[in-house]
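*Asks:* Work the whole structure out from these sequences, hints included.
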Amino acid sequence: AAAVTVNAAAAAAAVLALGPCVELLLRPRLFEGALGHSVFTLDAFASDVECEALIAAAQRLLVSYGDRTPQPDRCRLSIVSKIEGFLLRRLLSFVEKRMPELAESLFGQKINLADMSVTYSPGEPAVNVY
159 AAAVTVNAAA AAAAVLALGP CVELLLRPRL FEGALGHSVF TLDAFASDVE
209 CEALIAAAQR LLVSYGDRTP QPDRCRLSIV SKIEGFLLRR LLSFVEKRMP
259 ELAESLFGQK INLADMSVTY SPGEPAVNVY
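Its first residue numbered 159, the sequence shown is counted upward by one per residue in our numbering.
To be clear, the hints were calculated from the coordinates, so they are not data collected in a lab.
Misleading hints may appear alongside valid ones.
[As the list claims (entries may be wrong)] Straight line, CA to CA, 27 Å or less: simulated DSSO-like cross-link-like pairs of lysine-lysine:
hint : residue 1 : residue 2
1    : K240      : K255
2    : K255      : K268
3    : K240      : K268
[As the list claims (entries may be wrong)] Ranges between beta-carbon positions, derived for each pair:
hint : residue 1 : residue 2 : range
4    : V207      : E282      : 20 to 30 Å
5    : R185      : Q217      : 18 to 28 Å
6    : E190      : R218      : 42 to 52 Å
7    : D201      : N286      : 18 to 28 Å
8    : A214      : F189      : 43 to 53 Å
9    : L246      : E190      : 25 to 35 Å
10   : L220      : K240      : 13 to 23 Å
11   : K268      : E181      : 17 to 27 Å
12   : V180      : V207      : 18 to 28 Å
Computed from a predicted structure; not experimentally measured.
Note that beta-carbon positions come from the ideal geometry of N, C-alpha and C, so glycine has one too.
*Replies:* What follows is the structure, given as structure tokens:
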């Protein structure tokens, strides 16, 4: 398994070095400035090592299933790991620094997002395996 270590200064620098965030609308906006159903993309958000760590975690989980149940062509594997925590903190830091209005609209605050309690939807966080 790939080891991922992060220090606070490196993490902050990495967030500021990230490229542009692109919003992809899933439906038209109701009015200018409205936050609708969107997906945001950010190139190079996770490093190659981090991606490999997520893939390895997903593969370990798949192997742990063994032959107990037939596996479909696509699987959604719940992944709760150290790397997921790093990525979550990086994302929240990015939103605080580069999208504070979005942070306030989603979370009711612009800063200290990582101090908030995290609750995931069932089956999340996850890696989709095809």
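*Asks:* It remains to establish, for every hint, whether it holds in the given structure.
*Replies:* Each hint tested on the structure:
1. K240 / K255: holds, 23 Å
2. K255 / K268: holds, 9 Å
3. K240 / K268: holds, 25 Å
4. V207 / E282: 20 to 30 Å: Hint holds: Cβ distance 23 Å, inside 20 to 30 Å.
5. R185 / Q217: 18 to 28 Å: Given range 18 to 28 Å: violated, Cβ gap about 35 Å.
6. E190 / R218: 42 to 52 Å: holds, 47 Å
7. D201 / N286: 18 to 28 Å: holds, 19 Å
8. A214 / F189: 43 to 53 Å: Check passed, 45 Å falls within 43 to 53 Å.
9. L246 / E190: 25 to 35 Å: With Cβ atoms ~31 Å apart, the hint holds.
10. L220 / K240: 13 to 23 Å: holds, 19 Å
11. K268 / E181: 17 to 27 Å: holds, 18 Å
12. V180 / V207: 18 to 28 Å: For V180 and V207 the Cβ distance comes to about 24 Å; the hint holds.
In this structure, only the earlier hint numbered 5 is contradicted, and the remaining ones agree with it.
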